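A.B. asks: This is what each chain is made of:
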Amino acid sequence: MGELRAKWKVNMYAWLLLLPSLIFLLLFTFYPVIQTFILSFHQADLGSPEPFFNGIDNYKQMVEDEVFWKVLTNNIWFAIGTVPTSVALALAMAMFANKALRGKSFIRTAYFYPTVVPMIAVANIWLFIYTPEYGALSHVMEWFGKGDMNWLGDQNNVMWAMIFMVIWKEAGYFMIFYLAGLQNISQELYESASMEGASSWTVFRRITFPLLMPTTMFVSIIAFTNSFKLVDHLVIMTKGGPDNASNLLLYYIYETAFSFWDQGMASALTIVMVVLLLLVAAFQFFGMDKKIHYN
Amino acid sequence: MRKVVKSLFAVVMSMSLITGCSSGTSSSTNNAGQGANSSGKTELSFYYPVAVGGPLTKIVDGMAEEFNKENPDIKVKPVYTGSYQDTTTKVQAAVQGKTPPDVAVMLSTELHTMMDMDAILPLDDFIAKDGGSEYVNDFFPGFLANSQVDGKTYSIPFQRSTIVLYYNKDAFKEVGLDPEKPPTSWDELVQYSAKLKKDGRYGVEIPSSSFTYWMFQALALQNGKNLMSEDGKKVFLDTPENVEALQFWVDLSKKHQVMPEGVNEWATVPSDFLEGKTAMMFHTTGNLTNVKKSGKFDFGVAFLPAKKNYGSPTGGGNFYMFKGTDAKKQEAAWKFIRFMTEPKRAAQWSVDTGYVATRKSAYEEETMKQYVKDFPAASVARDQLEYGHAEMSTHNNGKVTKLLNDTLQSVITGQSEPAEALKKAQEEADKMLAPFNK
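Which chain is which? The protein sequence lines are A and B, in order.
Using full-length UniProt numbering, you'd call the opening residue of the first sequence number 1 and step up by one each time.
Using full-length UniProt numbering, you'd call the opening residue of the second sequence number 1 and step up by one each time.
The hints are simulated quantities; they were obtained by calculation from the structure and are not laboratory data.
In this text, all values refer to a predicted model and were calculated from it rather than measured experimentally.
The reader is advised that the hints may include incorrect statements.
20 Å max Cα-Cα, derived PhoX-like pairs, lysine-lysine [as the list claims (entries may be wrong)]: (1) Lys360/B with Lys344/B; (2) Lys60/A with Lys431/B; (3) Lys373/B with Lys293/B; (4) Lys70/A with Lys344/B.
Here are the computed distance ranges between Cβ atoms for each label pair [claimed, not checked]: (5) Pro240/B with Ile56/A: 37 to 43 Å; (6) Glu70/B with Trp15/A: 33 to 39 Å; (7) Arg5/A with Lys98/B: 47 to 53 Å; (8) Ile34/A with Pro240/B: 50 to 56 Å; (9) Gly47/A with Gly97/B: 32 to 38 Å.
Think of the CB as a built atom: it goes at the ideal place given N, C-alpha and C, for glycine as much as any other residue.
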């Protein structure tokens, strides 16, 4: 009996400590999520002053909405374009920054600085890099005798331009995680590998890479969610244009909610996005986790 | 056990903090509801956006300060709310939260949206009590067009603009064109542009990244009619005239090759002009002061070239007042609007910013006369107002505008043909407007 009471006391204490955070979590995470879920089954736009229940109409409309499909496809291409490359680049950069004997801190700073620059500033810098005629990229193209390209004003180029910029921005950030991961791998492993005369490729394939898997998983989840969270750059650089060629899901949700004031539809879109992200995260956690080797 | 009591205490404290916050906000809204604080002053919240370069927040704050001095019983608190889009979002959120601002500057095109939300007050009673139509009729009709529905006035023009043609006089001289004779027709625009074009310089640029519909509307107006009905319930996108207008736009880059291909960024077109990368540009008069200050060459401002006639939509922001605030505050808000639009203030505002002064009598003011004398370009926008029309504004405005922007961009980037694209846009827009046509 006394044992039970002691246990209850400990648990109670823990719950009480957690309570403030729980309240905020409920208030600012779960409550809005539930509200959004409910609202997604309502017609709540400018044409209907009082929101009313309309079942799955919003979802039906969404399926018929060309822009939605375009945005979703864009987002998938955007994820495919940015996630693997930026993660691979981050790993390569981390290996290099870890190895570099001279100018170590300079290299790290150089790689990391894109992460420190504010998003809006980044967008403005790149806006002018991509400007036709006198943008930095146009000058480079001229050296190679290539004509002028309107990077952001062309439907076929704009997505590549955004992907390139985001890789530049993200790789340095992920590099920090890899650097930490690399520092955690015990030196003894490398020493014994060199005694055995293993080639550096083998060392990477058999020691470094497998032991970095937890970092890789963490980083790729972050990278994936980031690819769905991009909004700031779109606002400054393209507004999702031309003709939705660079529009992504979250920006479309923003437009639907705050330019069209169609809250029902915006809620439905949000639910789709949340479910999508949860599915992928779940797959990454439960699917990949089994194959991962922890120290 | 003592620990538990302590932590319980901490929890209770934090709970009371949370509730304390919420009761704090509710008491402040109560204050707002009463319309006066303890000292008997009427406090007004005033939301305003900034959309062009220059120290506009300082100017607006200064004007509010002046008003407070003149009216000791009223205190206006200006709140800078970001871009037009941000301001609208904040106002809409505030309206939904039942705490609307007392007065706000928003795009004149938000009129129908605000009415659909049942958020704004008609101003006729105030106008009637305060000099009647004499006041309202002093505003240029092109600006008022976006303020009125069914004979009622809902907003008062404030920071208003229109599209004009900027041209580089030095470049004109260089290729043997008369710098005092800008192109007056579409044909001349093409001819002049072809002459002005050389390596590293285009003839003309029309921005197409944001406000694409606005530029298109100018071309449509020059070729005949406006894009929407006055009540904002219908749009006319796929008329032969509009197809022709869009074709002309595309031809400038594709056929005549005097404009860069693809979408031209709204913000970089003025930079191109200032850098001499384009000899002419279509842009808002809101940039006049900016171009005047940073241009290193002699430049001119002209009417947009005509097809059938001259034409340009107006643009920019108006004063709105909101439902759900009490009578005393509404009186004060009206007083503030009157103050801000007085002729001498409208004149000074125009000089400081480059926006068009909204009232005819503002041009009788000494400051304005002097300004126009020293800088004749400043009067071009006013003179063009004779051909000015309402900016595109419909019910469900956000959706319809985006649809049109997307359609135009898809044509400009060569993904679709004008006639077909506009026809599809018309069908889509009809669907979007259907709930308002019942």
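A.B. asks: Please name the hints from earlier in the document that this structure breaks, with their numbers sorted from lowest to highest.
C.D. replies: The structure conflicts with hints 4, 6, 9, although it agrees with all the remaining ones.
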